[in-house]
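J.: Sequence:
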Amino acid sequence: NKDSLDMLNNRNEGKAYFFDLGAAIMSLTILLTTANNPDVMMPAYSDNRFYAIFFILFLAVGMYFFMNVLLAVIYNEFKGSFTKTMQSSFIRRRCGIRAAFEVLLGVSYQPSSSETPSCIEVSLVRDILKDIHFSRKLRYMPKLEEYLTNLNTNVINAKQFQELFDIVFSDSIKKRIPCREFHHPLLLKVQSILLHNYFQYFGDFICVLNALVVTVELATSIEVTFSGDKLSILNFCFISYFAIEQVLMIYFIGAKRYFSHKTVWFDSVITWALVLVEITFISLYGGPIPYMTKEEIVIRSNDLKFLSVYNLLRITNMLIIVRILRIIPSIKPLSVVARAMVDLAKNLKSFAGIVIVIYYVFALIGMMIFQDKSPKPTLVNATLNTYRITNPNITCGYEQLDYYANNFDDFAASLVVLWDVMVVNNWYIFLNAYSTSMKNRYTQFYFVLWWLTSVVICINLFVALVIEAFITQWDQHQEIVNEMKHKKRKYAQNEETSRHFRVHEWFRATYKEPTEKEILQEIYSHKYLRRYTLLNSRDFQDE
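Residue 177 in the numbering used here sits at position 172 of the sequence shown, and the numbers go up by one each step.
Simulated from the structure, these hints should not be mistaken for lab results.
No incorrect hints appear here.
Calculated pairs, SDA-like style, for lysine to any residue (alpha carbon to alpha carbon, straight line, at most 20 angstroms):
no.: 1; residue 1: LYS261; residue 2: LEU193
no.: 2; residue 1: LYS261; residue 2: GLU250
no.: 3; residue 1: LYS354; residue 2: ALA343
no.: 4; residue 1: LYS522; residue 2: SER94
no.: 5; residue 1: LYS267; residue 2: LEU349
no.: 6; residue 1: LYS517; residue 2: ALA163
no.: 7; residue 1: LYS310; residue 2: ILE284
no.: 8; residue 1: LYS148; residue 2: ALA163
no.: 9; residue 1: LYS164; residue 2: GLN526
no.: 10; residue 1: LYS267; residue 2: TYR256
no.: 11; residue 1: LYS235; residue 2: MET323
no.: 12; residue 1: LYS164; residue 2: ARG131
no.: 13; residue 1: LYS354; residue 2: ARG344
no.: 14; residue 1: LYS378; residue 2: ALA417
no.: 15; residue 1: LYS267; residue 2: LEU330
no.: 16; residue 1: LYS444; residue 2: MET373
no.: 17; residue 1: LYS522; residue 2: LYS532
no.: 18; residue 1: LYS522; residue 2: SER93
no.: 19; residue 1: LYS235; residue 2: TYR315
no.: 20; residue 1: LYS522; residue 2: SER123
no.: 21; residue 1: LYS444; residue 2: GLN376
no.: 22; residue 1: LYS89; residue 2: PHE356
no.: 23; residue 1: LYS84; residue 2: THR477
no.: 24; residue 1: LYS517; residue 2: ARG99
no.: 25; residue 1: LYS522; residue 2: LEU539
no.: 26; residue 1: LYS378; residue 2: LEU420
no.: 27; residue 1: LYS354; residue 2: PHE83
no.: 28; residue 1: LYS267; residue 2: ARG331
no.: 29; residue 1: LYS164; residue 2: GLU523
no.: 30; residue 1: LYS354; residue 2: VAL471
no.: 31; residue 1: LYS378; residue 2: ALA410
no.: 32; residue 1: LYS444; residue 2: ASN411
no.: 33; residue 1: LYS235; residue 2: PRO293
Computed Cβ-Cβ distance ranges for the label pairs, DEER-style:
no.: 34; residue 1: LEU420; residue 2: SER197; range: 50 to 58 angstroms
no.: 35; residue 1: LYS164; residue 2: VAL252; range: 50 to 58 angstroms
no.: 36; residue 1: MET373; residue 2: GLY101; range: 41 to 49 angstroms
no.: 37; residue 1: PRO43; residue 2: LEU420; range: 28 to 36 angstroms
no.: 38; residue 1: MET373; residue 2: LEU239; range: 58 to 66 angstroms
no.: 39; residue 1: LYS84; residue 2: TRP424; range: 26 to 34 angstroms
Positions of the beta carbon are idealized from the N, C-alpha and C atoms, including for glycine.
Model the full assembly from the supplied sequences, consistent with the hints where possible.
T.: Below, the structure written as structure tokens:
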């Protein structure tokens with residue numbers, strides 16, 4: 006910063022952005038986000054091309070090296086802290102299950118017995134499972150019951166008790182409803198074709214082809230507003246195929262079996278929405294075979310407004326473009342990315358809560374500092390053009406861009422300003438505008454602090470979460486690929502394996518399994534658990 010000030014001080018090219026040390030610091034801080042690039046460089050660059058070397062080196066070192074190193078540091082610190090937290094959670098889970106076993110052992114202990122028991126009865130465990138309630142009980146109860154049955158004994162020890170409840174945290178295998186049965190050879194052949202993966206790939210190809218046709222037609226046709234044109238005919242053909250495909254799949258596979266695949270719900274909703282819109286279009290305007298002249302169609306279209314030809318075609322085209330998302334499960338890398346984003350949204354409630362609190366706090370602080378002090382046009386209710394005419398000397402900034410709606414006059418507007426600054430595009434305009442309106446350049450520290458908190462910390466932390474989530478999902482995907490090599494085709498499979506994404510599993514390979522002694526010591530340290538268990542301090546003495 007001092008070098009830039011010395012280089013540009015006392016020269017015209019430095020008066021705009023580097024007129025003192027504070028201005029130089031702010032200009033280079035903003036340049037680090039590229040928001041004012043190349044604006045901040047142009048006065049000096051226009052005077053001498055060699056001045057560009059300074060700005061290029063600053064961005065190369067600051068943005069491409071320092072900021073990426075900062076991301077790596079944040080990621081590494083996050084990973085270390087998160088691993089410790091999850092390790093502690095893992096140990097607490099182990100201690101909790103073992104404590105439950107020890108309590109049951111103490112409850113079932115008979116004082117008249119000569120030996121301290123080491124097992125509990127399976128019937129007692131079954132009674133406990135019936136009484137307790139947890140979110141995954143219905144999904145995992147059959148597997149829990151199967152495990153207890155396979156023990157072939159009436160008692161269960163501590164290790165088996167732990168393995169029993171580990172099932173709750175494993176992948177669930179769901180039995181599918183059987184496919185519809187046919188006995189006629191022709192119907193069996195049709196069912197076999199529909200169950201084949203190649204039929205699904207063909208449907209994906211038709212979906213992409215339909216989207217490409219719509220794109221080309223809209224790009225080459227200036228006016229597509231009448232029934233009977235090429236686009237309406239092509240849409241009718243494609244939608245007819247989609248409807249026939251759905252009917253065949255539902256009939257030959259069975260409705261319950263077909264809709265047990267979660268991925269088909271989106272496709273089905275879009276398809277039948279297209280069919281509904283197409284039926285409406287045909288009933289009102291004739292569709293591919295119009296029964297009215299163009300003049301009559303225009304008159305009816307103008308009268309119906311919402312159900313005009315243009316609106317119906319626009320809705321149809323949008324649904325067709327959206328329907329292309331059905332190919333995501335068929336493209337494995339895209340499927341992994343989509344699944345990672347969905348699972349992140351489900352599991353990052355705590356992170357989202359922290360971000361909301363940060364927004365809330367900064368919005369309140371912004372309102373306390375800047376409320377009713379935001380820049381305003383000199384004329385009441387003046388439009389942007391009127392203000393430009395009355396102020397011909399304004400420079401590019403808050404006034405010229407008409408940023409007056411971005412203010413801290415209320416809570417909602419404050420949130421929008423914070424979002425705009427977090428995006429960092431043109432955020433220097435807010436710094437300049439509010440430092441001018443407040444007549445105090447130190448108000449810029451509020452926006453810089455928000456940038457450091459939201460972008461440098463929160464966004465980088467979110468990037469770290471995305472990276473870790475994608476790596477975990479990719480590893481799980483590779484396991485599924487290896488398991489599926491010898492399995493049947495998608496719609497012919499009688500079982501569905503659901504891999505439940507949990508943040509606890511991100512660094513599962515690095516977790517250290519606690520020893521039995523450590524677990525028992527932790528349980529014994531709890532004064533209330535000591536009262537209901539048979540543990541003795543001698544159990545933890547070193548041999």
